[in-house]
Amino acid sequence: FPVTITATEKWVALTRRVATASQHPHYRDSTLVRHLYDLFEIDKNGYFTEDFQRLVVDIIESDRQQFKSHNEAYFQNPVQEIQRAIRELNDSPEWKTHWEQFVSVMVYSEMTPGYLEVVSNINTKTERALKILHILSFDK
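So that you can map any letter, position 39 of the sequence shown is 29 in the working numbering, and since no number is skipped, the others follow by simple counting.
Don't read these hints as lab results, they were simulated from the structure.
Check the hints yourself; a few may be wrong.
Claimed, not checked - Computed spacing ranges between beta-carbons, pair by pair: (1) His14 / Val69: 18 to 24 Å; (2) Asp28 / Arg77: 19 to 25 Å; (3) Gln66 / Val95: 35 to 41 Å; (4) Gly104 / Ala63: 15 to 21 Å; (5) Ala63 / Asp19: 14 to 20 Å.
Even for Gly, the Cβ is constructed at its ideal location relative to N, Cα and C.
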């Protein structure tokens, strides 16, 4: 369960920060791709449990409040901003470049996943989260 909390926090942070950076370039951080790797490895080792969908709502609500000044759009509509982040990760060659730089320096495994593999993994996590988030409304 604690690993699932960490995984959920990483997913929320990644999507929030990528969405924020897509609108505010001064928030860009090439090292965010480390979350893609961590989430992939957590999932590969069976620690990404069904608790994710339950935890994601509370963690998003906390982040909405805590980081409101960074991204008003995330505060107003986190689902839309999460979708923006996922589009950015899927479509922007910049994130693939960041990934390639990260794995060349920071990953020592001989079985390093490729960018498409880790993005596919994050897409699956996002689909799970959106199933629950679409039925909620976030109060201001």
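Status of the hints after comparison with the structure:
1. His14 / Val69: 18 to 24 Å: 19 Å, holds
2. Asp28 / Arg77: 19 to 25 Å: At 21 Å between Cβs, range holds.
3. Gln66 / Val95: 35 to 41 Å: Given about 37 Å between the Cβ atoms, the range holds.
4. Gly104 / Ala63: 15 to 21 Å: Taking Cβ atoms as reference, Gly104 and Ala63 lie about 31 Å apart, which means the hint is violated.
5. Ala63 / Asp19: 14 to 20 Å: Because 18 Å falls inside the window, the suggested range holds.
Going through the hint list in order, the structure does not satisfy hint 4, though it satisfies all others.
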